[in-house]
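The whole structure should be built from the sequences, with the hints applied where relevant.
Listed below are the residues making up each chain.
Number of protein chains: 4
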Amino acid sequence: MNTNVIVLNGGSSAGKSGIVRCLKAILPQPWINMGVDDLIDRLPPSMLDSGNGVSFGQGGEVILGDDWRAMETAWTKGVAAMARAGARIIIDDVFLSGGTDQERLRGHLESLNVLWVGVHCSPEAVEKREIARGDRIPGMAALQAATVHKGVVYDVEVDTTHAETLDCARAIAEHVR
Amino acid sequence: MNTNVIVLNGGSSAGKSGIVRCLKAILPQPWINMGVDDLIDRLPPSMLDSGNGVSFGQGGEVILGDDWRAMETAWTKGVAAMARAGARIIIDDVFLSGGTDQERLRGHLESLNVLWVGVHCSPEAVEKREIARGDRIPGMAALQAATVHKGVVYDVEVDTTHAETLDCARAIAEHVR
Amino acid sequence: MNTNVIVLNGGSSAGKSGIVRCLKAILPQPWINMGVDDLIDRLPPSMLDSGNGVSFGQGGEVILGDDWRAMETAWTKGVAAMARAGARIIIDDVFLSGGTDQERLRGHLESLNVLWVGVHCSPEAVEKREIARGDRIPGMAALQAATVHKGVVYDVEVDTTHAETLDCARAIAEHVR
Amino acid sequence: MNTNVIVLNGGSSAGKSGIVRCLKAILPQPWINMGVDDLIDRLPPSMLDSGNGVSFGQGGEVILGDDWRAMETAWTKGVAAMARAGARIIIDDVFLSGGTDQERLRGHLESLNVLWVGVHCSPEAVEKREIARGDRIPGMAALQAATVHKGVVYDVEVDTTHAETLDCARAIAEHVR
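Protein chains in written order, with this note's numbering: chain A, 9 to 185; chain B, 9 to 185; chain C, 9 to 185; chain D, 9 to 185.
Calculated from the structure, these hints are not laboratory results. Remember, predicted model here, so these are calculated numbers, not experimental data. The reader is advised that the hints may include incorrect statements.
Given that identical chains are not distinguished, each listed pair holds provided it fits within a single copy or across any two copies.
[As the list claims (entries may be wrong)] The list that follows gives simulated cross-link-like pairs (lysine to aspartate or glutamate, EDC-like), each with its CA atoms no further than 20 Å apart: (1) K85 <-> D109; (2) K85 <-> D75; (3) K158 <-> E111; (4) K85 <-> E118; (5) K85 <-> D46; (6) K158 <-> E69.
In structure tokens:
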């Protein structure tokens, strides 16, 4: 059975977006990406910086409210439906609650053939890359690097600390059926 | 029954994106947008400028191949599933085949409460706005202005030729239940 | 003597950027743009949201500190030097202090042939356009619409309230030698 | 005498932009950046993809015409004037003609205290990063990696192949007076 969905989980600045671009360029079949940032980008103003939606603390922590949870559930069900209808989807996500988030996502992706990918990067490196990107909330990257992989089970894991993004993507692509 | 989906149909440079931003700002409930451009933006390189995917002719015409059709169908089924799962969705689209495209979309949105909106703008004005935007293929706007509304049936129609974007959005918002 | 510099003055959301893109597309000679926003975009983080640099009040007011003044003076002298060296430059600016700002800029542009352009738009329209753009500080547009033209003398004036951007650019282009 | 100008020279995808962002974040004084890409970004449509302006060959080569040369000279004189007027400027450039380009730039920067920085990266790594960025002309990065440093003399050199961007910036910052 062919792979329908690739899930990339990793903290902020770990290098997920670059891996997504590489995968789309090197995989022989057409893949599209639908990540958690894509949902955040299209939230209405009332759901940003609000306790019910998505807001960000001073130290880089992400605070998710009830309206976000409802919206994210509907979004994820829709992404799963796209995959069931034949689209190959790369989901890049940040499992703030680690294994608990994986289980919830696994539930939505039932009956699909999912490749679970861990994107690691050392806290020291993500902290430096956060500064180099210039548009990120300081502290978020290091905070997430330590926690998003807790209790998560992967089919393949890559580490961008010392490897080029394209090489990480190639390692992942070998597992795509 | 509440409105689940707002479909905005109009040619390039007619002002759909501005109306989407206004609707998200003024509607009391949270709405997210999922337009045809959002799908194009996430296509892999192999599907752009290719006969099977999406390509653009010298005169501004859009050429859609079989791979695009398959991808768009899966995408639309997913968007409909998001709405059925409780997300309020604004779809901004360009019905290149007019009423035929509406019927296909209507099929995907079955059981949902859809508000169909026509976004008009004179061919002269869109041609000028295309130049003012600077990043568009010359000719596309005028070409589409004439054809995308053929055979399409609307619940509400707005014309951005002489009206401010926000005023068009307000006129639409009055029809949202 | 040929026009070396076009100065566009108008408040936020009055439509200056669109006019700049149109002018660059329709003028027969090559023109480049160097506006106040281009300087703000390249300020270091320490000069943004700081009392010494550029910061923004709750009501949309812009607060300029001493470091900004020094930086802006050096920037403007450099832009004038580009024009003296043969580059045709479009400066789009917001004269927060009206005529006083014009006199200071006039001093920097000595010996150059400057076309002074006023870009008007009604406070009601800019307020609506600010919402349609979605990424602006609410209130800034209306606040500036009322004040940036005070005591400023123009060679040509356009009003984007009811006119297309391209038509405004064409009216300006007729005055370029 | 304090450093007025930092010149970063390196090929496409070598990591100059990230170093620029880091330098602006870590240097105690305010610095602004004015690179060759900033000029290209503001060229009128008539100078792009034209033999007189800037165009790009199939293999990633950059072709510069006479109009570009005139514009670049005026631009560079203006940037030098900004620095002479007190602004601290980071110039990121691609010396397509190596040492010849350095000599021309050195002429424009006379009387200023310039820190010349070489930004190296292996051809293998830039080729991979070009794919990961997704919006670059294939081949340009590897082509430039081999040639832009020929005959150029530096005050400090960094290599982004195995080092984090921020660490490269810190090494450069130690040389800024």
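Status of the hints after comparison with the structure:
1. K85 <-> D109: Within. Shortest intra-copy distance 14 Å satisfies the 20 Å Cα cut-off; inter-copy 25 Å does not.
2. K85 <-> D75: Within one copy only: 16 Å inside a chain, 23 Å across chains, cut-off 20 Å.
3. K158 <-> E111: within (12 Å within a copy, 47 Å between copies)
4. K85 <-> E118: Intra 10 Å, inter 17 Å, cutoff 20 Å: intra and inter.
5. K85 <-> D46: both (15 Å within a copy, 18 Å between copies)
6. K158 <-> E69: Classified as within: same-chain Cα gap 17 Å, cross-chain 46 Å, threshold 20 Å.
The structure shown violates none of the earlier numbered hints.
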